[in-house]
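> The primary structure of each chain is shown beneath.
Number of protein chains: 2
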Amino acid sequence: MTARVLDGKALSRKMEAELSARVAEIKSRTGGCSPILATILVGDDPSSATYVKMKGNACRRIGMESLTVELAQTTSTEELLAQIDSLNADPLVQGILLQHPVPAQIDERQCFDRIALAKDVDGVTVLGFGAMAMGLPAFGSATPAGIMRLLQHHGVGIEGRHAVVVGRSPILGKPIAMMLLNANATVTICHSKTEGLADLIGQADIVIGAVGKPEFIKGCWIKEGAVVVDAGYHPGGIGDIELPAVIDRCSAYTPVPGGVGPMTIATLMEQTVCAAEKHF
Amino acid sequence: MTARVLDGKALSRKMEAELSARVAEIKSRTGGCSPILATILVGDDPSSATYVKMKGNACRRIGMESLTVELAQTTSTEELLAQIDSLNADPLVQGILLQHPVPAQIDERQCFDRIALAKDVDGVTVLGFGAMAMGLPAFGSATPAGIMRLLQHHGVGIEGRHAVVVGRSPILGKPIAMMLLNANATVTICHSKTEGLADLIGQADIVIGAVGKPEFIKGCWIKEGAVVVDAGYHPGGIGDIELPAVIDRCSAYTPVPGGVGPMTIATLMEQTVCAAEKHF
Numbered sequence: 001m002t003a004r005v006l007d008g009k010a011l012s013r014k015m016e017a018e019l020s021a022r023v024a025e026i027k028s029r030t031g032g033c034s035p036i037l038a039t040i041l042v043g044d045d046p047s048s049a050t051y052v053k054m055k056g057n058a059c060r061r062i063g064m065e066s067l068t069v070e071l072a073q074t075t076s077t078e079e080l081l082a083q084i085d086s087l088n089a090d091p092l093v094q095g096i097l098l099q100h101p102v103p104a105q106i107d108e109r110q111c112f113d114r115i116a117l118a119k120d121v122d123g124v125t126v127l128g129f130g131a132m133a134m135g136l137p138a139f140g141s142a143t144p145a146g147i148m149r150l151l152q153h154h155g156v157g158i159e160g161r162h163a164v165v166v167g168r169s170p171i172l173g174k175p176i177a178m179m180l181l182n183a184n185a186t187v188t189i190c191h192s193k194t195e196g197l198a199d200l201i202g203q204a205d206i207v208i209g210a211v212g213k214p215e216f217i218k219g220c221w222i223k224e225g226a227v228v229v230d231a232g233y234h235p236g237g238i239g240d241i242e243l244p245a246v247i248d249r250c251s252a253y254t255p256v257p258g259g260v261g262p263m264t265i266a267t268l269m270e271q272t273v274c275a276a277e278k279h280f
Numbered sequence: 001m002t003a004r005v006l007d008g009k010a011l012s013r014k015m016e017a018e019l020s021a022r023v024a025e026i027k028s029r030t031g032g033c034s035p036i037l038a039t040i041l042v043g044d045d046p047s048s049a050t051y052v053k054m055k056g057n058a059c060r061r062i063g064m065e066s067l068t069v070e071l072a073q074t075t076s077t078e079e080l081l082a083q084i085d086s087l088n089a090d091p092l093v094q095g096i097l098l099q100h101p102v103p104a105q106i107d108e109r110q111c112f113d114r115i116a117l118a119k120d121v122d123g124v125t126v127l128g129f130g131a132m133a134m135g136l137p138a139f140g141s142a143t144p145a146g147i148m149r150l151l152q153h154h155g156v157g158i159e160g161r162h163a164v165v166v167g168r169s170p171i172l173g174k175p176i177a178m179m180l181l182n183a184n185a186t187v188t189i190c191h192s193k194t195e196g197l198a199d200l201i202g203q204a205d206i207v208i209g210a211v212g213k214p215e216f217i218k219g220c221w222i223k224e225g226a227v228v229v230d231a232g233y234h235p236g237g238i239g240d241i242e243l244p245a246v247i248d249r250c251s252a253y254t255p256v257p258g259g260v261g262p263m264t265i266a267t268l269m270e271q272t273v274c275a276a277e278k279h280f
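First to last, the protein sequences are chains A and B. For the first sequence, the positions run 1 to 280 when the working numbering is used. For the second sequence, the positions run 1 to 280 when the working numbering is used.
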């Protein structure tokens, strides 16, 4: 079987081309006003700095402005909340992204939830999660929303299929489970306390690796013809799923890198453009 | 095997005794102020009227006051929202329950979400669902929260067990799935589009019937030794699960009636008392 490659890089390029046109449309309609995504980077974690830079580059590629707010490693919760309040109140800013993780002294959950729902283009608020889970309009968490977009673009059937999600984080495992459920999949959520994980994964029509451990999910666990989605990324370009061992037996897979990663950023861009279109 | 009866009636009586003492404590501490649960009944559905009456009776049994707001069948969304605003602003009211379902011309979701989070003792808001799902403090939806309480009271092991939830409604299937997940169960959510339902149910250590169809889940699908929770109630005292066919093979079950139903009301009472304790 030749597996289909769920190429996130290609789709993200296509999305960026469409988004460039939408940004140009906003600019022409408003006499030059550009949508702005504000990204907040707290502390000096080098990976976080790289992610923020990548998001800024994506903004530039589609003609949108980005505003990076850099705060010291010693920032307090109160200081970060004040910064978010100020961006919430700023009519020039349509989207706010707080780069995860923040330093340990900060109450990250409280800060996420301070982001105004209309500007929560990264889909991190509890309110946005609840609304999305109930099928109401809300920006989904960017990585799972990007996965759904990639599956739908490639015509992967979801309704009635059994999706097994490995991981239950607030921004990945829990929201992708709800999105797949709302798309009429039967959904099983597994995690560190799950017993018989290999057996459960063996039943999956769609496997979502969202556990954050390199090649934790073995290729031999996955049944022939399954769709394999790997949301992990670890040094050496490997994901959460042992891809080489399943690549010849699955029906479709996301490459690592070049699968889920680019879709996360493209989704963030698209949600920011949506927010701007509603605003202007 | 003699199955344990997960007797919701007995546990709800025990809870009411404890709640009576807590209400008395509030009254003595405040010089006679009683917690008040406001229930809103819209229209003339006889079952809804019965449910509201049962909740008022439960308030009286624990010494708490209830205030029933009855609105006409022709009430508009705007009128209902205004009523909720008025109860949100009323310092004498600590809990608000909007009896589901409301007449079809009303946007029920908008009205649910208008209830202030601190007064959402029935756990129906999107914000409360999101917070609960993320493991933050919030009142859970009363029926699933009552089920969790019943399981925990009877020492039913949840961590690492495979729970299969049949149904995905906003106030039952989705929240019980998140509660079981947060209690470290592996959770599968099934629904009308699920293929191979009998096989999936056959794997369950814990089966939650939350589908709203009489005896839809056949007893022979359920494996020996499973824990059977039936959240359905239909005329003739039958639930969503064909209980007589599994009663001799399961390890524990909720009777219908007398299982989940009384726990829903007791949980509503407890959450109202909690809200009042925070308020006074």
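Simulated from the structure, these hints should not be mistaken for laboratory data. It is possible that part of the hints are untrue.
Said to hold, decoys possible - With beta-carbon atoms standing in for the labels, derived distance ranges:
| hint | chain 1 | residue 1 | chain 2 | residue 2 | range |
| --- | --- | --- | --- | --- | --- |
| 1 | A | A72 | B | K14 | 49 to 55 Å |
| 2 | B | D90 | A | G157 | 32 to 38 Å |
| 3 | A | T50 | B | K223 | 46 to 52 Å |
| 4 | A | H154 | B | A245 | 39 to 45 Å |
| 5 | A | H154 | B | Q73 | 47 to 53 Å |
| 6 | B | S47 | A | T2 | 55 to 61 Å |
| 7 | B | M54 | A | Q73 | 51 to 57 Å |
| 8 | B | E159 | A | G155 | 36 to 42 Å |
Claimed, not checked - Calculated cross-link-like contacts (lysine to aspartate or glutamate; reagent style EDC-like; alpha-carbon spacing at most 20 Å):
| hint | chain 1 | residue 1 | chain 2 | residue 2 |
| --- | --- | --- | --- | --- |
| 9 | A | K218 | A | E195 |
| 10 | A | K223 | B | D199 |
| 11 | A | K193 | B | E159 |
| 12 | B | K218 | B | D248 |
| 13 | A | K223 | B | E108 |
| 14 | A | K218 | A | D248 |
| 15 | B | K193 | A | D205 |
| 16 | B | K27 | B | E65 |
| 17 | B | K223 | A | D199 |
| 18 | B | K278 | B | D44 |
| 19 | A | K193 | B | E16 |
| 20 | B | K278 | B | E16 |
| 21 | B | K213 | B | D199 |
| 22 | A | K53 | A | E65 |
| 23 | B | K27 | B | E277 |
| 24 | B | K193 | A | E159 |
| 25 | B | K27 | B | E79 |
| 26 | A | K213 | A | E242 |
| 27 | A | K27 | A | E65 |
| 28 | B | K27 | B | D7 |
| 29 | B | K218 | B | D199 |
| 30 | B | K223 | B | D248 |
| 31 | B | K213 | B | E195 |
| 32 | B | K223 | A | E195 |
Unchecked claim - Not everything, but these chain B residues come out facing chain A in the computed CB check (under 8 Å):
| hint | residue |
| --- | --- |
| 33 | A133 |
| 34 | Q152 |
| 35 | V156 |
| 36 | E159 |
If you're wondering where the values come from, they're calculated on a predicted model, not measured in any experiment. Cβ atoms here follow ideal geometry from the backbone N, Cα and C, with glycine treated the same way.
> Using the nearest Cβ pair, does B/A133 come within less than 8 Å of chain A?
holds (6 Å)
> So if I understand the rule, the pair passes when the alpha-carbon distance is 20 Å or less; does A/K218 with A/D248 pass?
Holds: A/K218 and A/D248 sit about 14 Å apart, inside 20 Å.
> Within 36 to 42 Å or not, the Cβ separation of B/E159 and A/G155?
The hint (36 to 42 Å, Cβ to Cβ) holds, given that B/E159 and A/G155 are roughly 39 Å apart.
> Just to be careful, I want the Cα atoms of A/K213 and A/E242 compared with a cutoff of 20 Å; is the pair within it?
This hinted pair holds, its Cα atoms lying about 11 Å apart.
> Measuring from the C-beta of B/V156 to each C-beta in chain A, is the shortest one below 8 Å?
violated (15 Å)
> Given the hinted pair B/K223 and A/E195, is their Cα-Cα distance within 20 Å?
Holds, at roughly 17 Å.
> If you draw a straight line from the CA of A/K27 to the CA of A/E65, is it 20 Å or shorter?
With Cα atoms ~11 Å apart, A/K27 and A/E65 stay inside 20 Å; holds.
> Assess, step by step, whether the Cα of A/K193 is no farther than 20 Å from the Cα of B/E16, and give holds or violated.
violated (34 Å)
> Holds or violated: are the alpha carbons of A/K193 and B/E159 at most 20 Å from each other?
holds (7 Å)
> Does the Cβ-Cβ separation between A/H154 and B/Q73 fall within 47 to 53 Å?
holds (48 Å)
> If you take the shortest Cβ to Cβ gap from B/Q152 to chain A, is it below 8 Å?
violated (16 Å)
> Would you mind confirming whether the straight-line C-alpha gap from B/K213 to B/D199 stays at or under 20 Å?
Distance of about 19 Å is within 20 Å: holds.
Violated hints, in rising order: 2, 13, 18, 19, 25, 28, 34, 35; the structure is consistent with all others.
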